[in-house]
Amino acid sequence: MARIDLVDLAHSYSGGEAPESFALKPISMTWRQGGAYALLGPSGCGKTTLLNLISGIVTPSRGKILFDGVDITPLSTQKRNIAQVFQFPVIYDTMTVRENLAFPLKNRGVPRPEIDTRVADIADLLDLTPYLWRKATRLTADAKQKISLGRGLVRSDVAAVLFDEPLTVIDPELKWQLRSKLKALHRALDLTMIYVTHDQTEALTFADTVVVMHDGRVGQRGTPAQLFDKPAHTFVGYFIGSPGMNIMSAEVSGREARIDGHIIALNRDYDGFRPGIKIEIGVRPEFVDIAPPAPGLLSANIERIDDLGRIRFARVRVGHAKFAARVPPGFSIPDNVAGLVFDTSHVHVYADSLLVEGSA
Amino acid sequence: MEKTVNQKAWFLVLPVFLVVAFSAVLPLMTVVNYSMQDTFGNNQFFWNGVGWFKELLDPSTDLGGRFLTSLWRNLFFSAVILAIEVPLGIVVALSMPRQGWSVAACLVILALPLLIPWNVVGTIWQIFGRPDIGLLGYVLHKIGLHYNYVSNDLDAWATVIVMDVWHWTSLVALLCYAGLKSIPDAYYQAAQIDGASRWAVFTAIQLPKMNRVLLIAVLLRFMDSFMIYTEPFVVTGGGPGNSTTFVSIELVKIALGQFDLGKAAALSLVYNLIIIIVCWVFYTVMTNAGAERQVKKGVA
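Heads up: the sequence lines are chains A and B, in that order.
Reading the first sequence from the start, the letters are residues 791 to 1150 in this note's numbering.
Reading the second sequence from the start, the letters are residues 874 to 1173 in this note's numbering.
Quick caveat, the hints were computed from the structure, so don't treat them as lab data.
Note that CB positions come from ideal geometry on N, CA and C, so glycine has one too.
One or more hints might be untrue.
[Claimed, not checked] Some residues of chain B that are not near chain A, with every Cβ distance over 10 angstroms (derived): (1) Leu887; (2) Ala977; (3) Asn1025; (4) Ile1034; (5) Gln1062; (6) Gln1065; (7) Ile1066; (8) Ala1077; (9) Tyr1156; (10) Thr1157.
[Said to hold, decoys possible] DMTMM-like, lysine to aspartate or glutamate: derived pairs with alpha carbons at most 25 angstroms apart: (11) B:Lys1054 to A:Glu955; (12) A:Lys896 to A:Asp914; (13) A:Lys925 to B:Asp1058; (14) A:Lys815 to A:Asp858; (15) A:Lys925 to A:Asp961; (16) A:Lys869 to B:Asp1058; (17) B:Lys1082 to A:Glu889; (18) A:Lys1112 to A:Asp989; (19) A:Lys896 to B:Asp1058; (20) A:Lys1112 to A:Asp1133; (21) B:Lys1082 to B:Asp1058; (22) B:Lys1054 to A:Asp883; (23) B:Lys1126 to B:Asp1026; (24) A:Lys973 to A:Asp914; (25) A:Lys1068 to A:Glu1046; (26) A:Lys1112 to A:Asp1079; (27) A:Lys973 to A:Glu1041; (28) B:Lys1082 to A:Asp932; (29) A:Lys854 to A:Asp883; (30) A:Lys869 to A:Glu904; (31) A:Lys815 to A:Glu955; (32) A:Lys973 to A:Asp1005; (33) A:Lys971 to A:Asp947; (34) B:Lys1082 to A:Asp883.
[As the list claims (entries may be wrong)] Every beta carbon over 12 angstroms from chain B, so not counted as near; a handful from chain A, in silico: (35) Gly846; (36) Leu856; (37) Gln877; (38) Lys896; (39) Leu922; (40) Lys973.
Construct the complete structure from the given sequences, taking the supplied hints into account.
This is the structure:
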């Protein structure tokens, strides 16, 4: 149980000093005790590196990690009091489920009666009680992953439990069950949990704070709602949401954005961009509606309609740019040209991929 | 469905029949034939039925005594070298590097003894142990040990065993190394996080994951040491006395030394039978272990 501080933490596997050789660029961040965090990003974005730095499997090239204010950077994994659940279930073949769960406690010399009660409690939480005396190798993949998870949770004093894409090998139906189990465990045990995934649904449903990573950097950190409403980086906008945010280059001045000579009104005032900066506007497909073509509306060519059941999205093309927009319920789709209606309060402006707040 | 009958097809199978007949069936049958007869000079043969086999299994006769003594001697030898080579091979495999140029270097050095012809191995050790010109024998004499594999039973045994360990531990080590390399990193990381000691990592992860290659290693080493001939023959010639006369050496003595083809044939059949039975037992154990694993996977 601990607050975790990352102070200017960075890592380069090659040991090089050039900024591009760093798998994880310097970050500073605080994770509070008892929080549920998700590290979200595509493969190779540095999220697993960050996780391995915290657990001590990898030693950082730079920076410090503090648990409750104490620098633990030089400590080995064993001494850090961290639990980690890996992508593939790790089971000790020769042991029963009970012995597997007791293993971390036994290694630390916990007295027998205490081991028994802890193992019984955790088995109960994870619904593993009926299997306790079975050989662990004879169980299904999700039961094995539960054992891996149980080994992480069985120690009462862990500073944090780290999950490295733990649901990869689990069937979709069981994924839901295990995910809600994790959520329930988090509530029951008051542990700091850090969950690494490239699946936004997993991240957004599990965590109260999501850290979106991109190319070794933190793109944005916030609640799922913040990530959705106000992406701080075009990458975050594009990565979160399905379909992702529409990003288009535009000329912005004052309260107006200009695309293909067409003007979109903006809610805030944007001025004083230095010349040479890449200016884009971003708007989520949920806040752009398809309408019959009309003068005053940005016109678009419809390429196809994705029917998601509850909602329909039109994939359109504006000039050369691809765009996704909502098809309002009951709206019959015009031939192939449509107008786009923007919800101006959700149109954001990005300068060199970073969100610009603008003035009121 | 109508099948075409073409008797000419037999001609296509005929070469295989001939090869197998001449390479395996006929020689074996000759041995079976010899084992039922007594031979004298001038190619005179006398029918003896199962007489040799009865003698072979009766320790009170000369033949039976020699066979059973060499059999027990050979089994003892196999047990000793297994008890040394298997743990030693595991230790070597565990202490080998996992990456970098040193891996290749280690593999080459380990493979070297395996590439040397067996009688050369024998010759190397025969010279190595000589007190006059051999490095080992000379040094041992200088420190005051009366090491002499020609006249002392214990020294002869020690030489043969050390030679076998030198020659074959590499095989066990290489097999174990392959087994160790196949363990995913996540297991070691999980063990670190679980606070496992070095010993716990060995017993909980490495040993269980190596059990299949170990079974193969034990099988190979047992079979090879049970059939050992060349190296001890070159070094000690089966002596001093009969102290290092293993079954195959005894067999050659009877067949070529005394030219008792009947006795030798009976002995080689029984010898062969023992090897086939041991092989079969190992094979069954191994496939059963494999099948059990398959079943487990099926459940998962």
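Outcome of the hint check:
1. Leu887: 50 angstroms, holds
2. Ala977: 22 angstroms, holds
3. Asn1025: 44 angstroms, holds
4. Ile1034: 32 angstroms, holds
5. Gln1062: 5 angstroms, violated
6. Gln1065: Violated, since 4 angstroms does not exceed 10 angstroms.
7. Ile1066: 5 angstroms, violated
8. Ala1077: Non-interface label on Ala1077 of chain B violated, nearest chain A Cβ at 5 angstroms vs cutoff 10 angstroms.
9. Tyr1156: 23 angstroms, holds
10. Thr1157: 21 angstroms, holds
11. B:Lys1054 to A:Glu955: 24 angstroms, holds
12. A:Lys896 to A:Asp914: OK: Lys896 of chain A and Asp914 of chain A at ~19 angstroms, within 25 angstroms.
13. A:Lys925 to B:Asp1058: 22 angstroms, holds
14. A:Lys815 to A:Asp858: This hinted pair holds, its Cα atoms lying about 23 angstroms apart.
15. A:Lys925 to A:Asp961: Satisfied, since the Cα-Cα distance of roughly 22 angstroms is no more than 25 angstroms.
16. A:Lys869 to B:Asp1058: The hint holds at about 19 angstroms.
17. B:Lys1082 to A:Glu889: 17 angstroms, holds
18. A:Lys1112 to A:Asp989: 23 angstroms, holds
19. A:Lys896 to B:Asp1058: 22 angstroms, holds
20. A:Lys1112 to A:Asp1133: 18 angstroms, holds
21. B:Lys1082 to B:Asp1058: Given that 25 angstroms is the threshold and the Cα spacing comes to 13 angstroms, the pair holds.
22. B:Lys1054 to A:Asp883: With Cα atoms ~17 angstroms apart, Lys1054 of chain B and Asp883 of chain A stay inside 25 angstroms; holds.
23. B:Lys1126 to B:Asp1026: 19 angstroms, holds
24. A:Lys973 to A:Asp914: At roughly 16 angstroms apart (the allowed maximum being 25 angstroms), Asp914 of chain A and Lys973 of chain A satisfy the hint.
25. A:Lys1068 to A:Glu1046: Measuring from Cα to Cα gives roughly 16 angstroms; hence the hint holds.
26. A:Lys1112 to A:Asp1079: 15 angstroms, holds
27. A:Lys973 to A:Glu1041: 45 angstroms, violated
28. B:Lys1082 to A:Asp932: Cα-Cα ~21 angstroms, so holds.
29. A:Lys854 to A:Asp883: 36 angstroms, violated
30. A:Lys869 to A:Glu904: 20 angstroms, holds
31. A:Lys815 to A:Glu955: Roughly 21 angstroms between the alpha carbons, so the hint for Lys815 of chain A and Glu955 of chain A holds.
32. A:Lys973 to A:Asp1005: 28 angstroms, violated
33. A:Lys971 to A:Asp947: 20 angstroms, holds
34. B:Lys1082 to A:Asp883: 8 angstroms, holds
35. Gly846: 8 angstroms, violated
36. Leu856: 19 angstroms, holds
37. Gln877: Gln877 of chain A not clear of chain B: closest Cβ-Cβ about 7 angstroms, inside 12 angstroms.
38. Lys896: Answer for Lys896 of chain A: violated, closest chain B Cβ roughly 8 angstroms.
39. Leu922: With a cut-off of 12 angstroms, Leu922 of chain A remains clear of chain B, as the shortest Cβ separation is near 17 angstroms.
40. Lys973: At roughly 22 angstroms from the nearest Cβ of chain B, Lys973 of chain A sits farther out than 12 angstroms, so the non-interface label holds.
In this structure, the hints that do not hold are numbers 5, 6, 7, 8, 27, 29, 32, 35, 37 and 38, in rising order.
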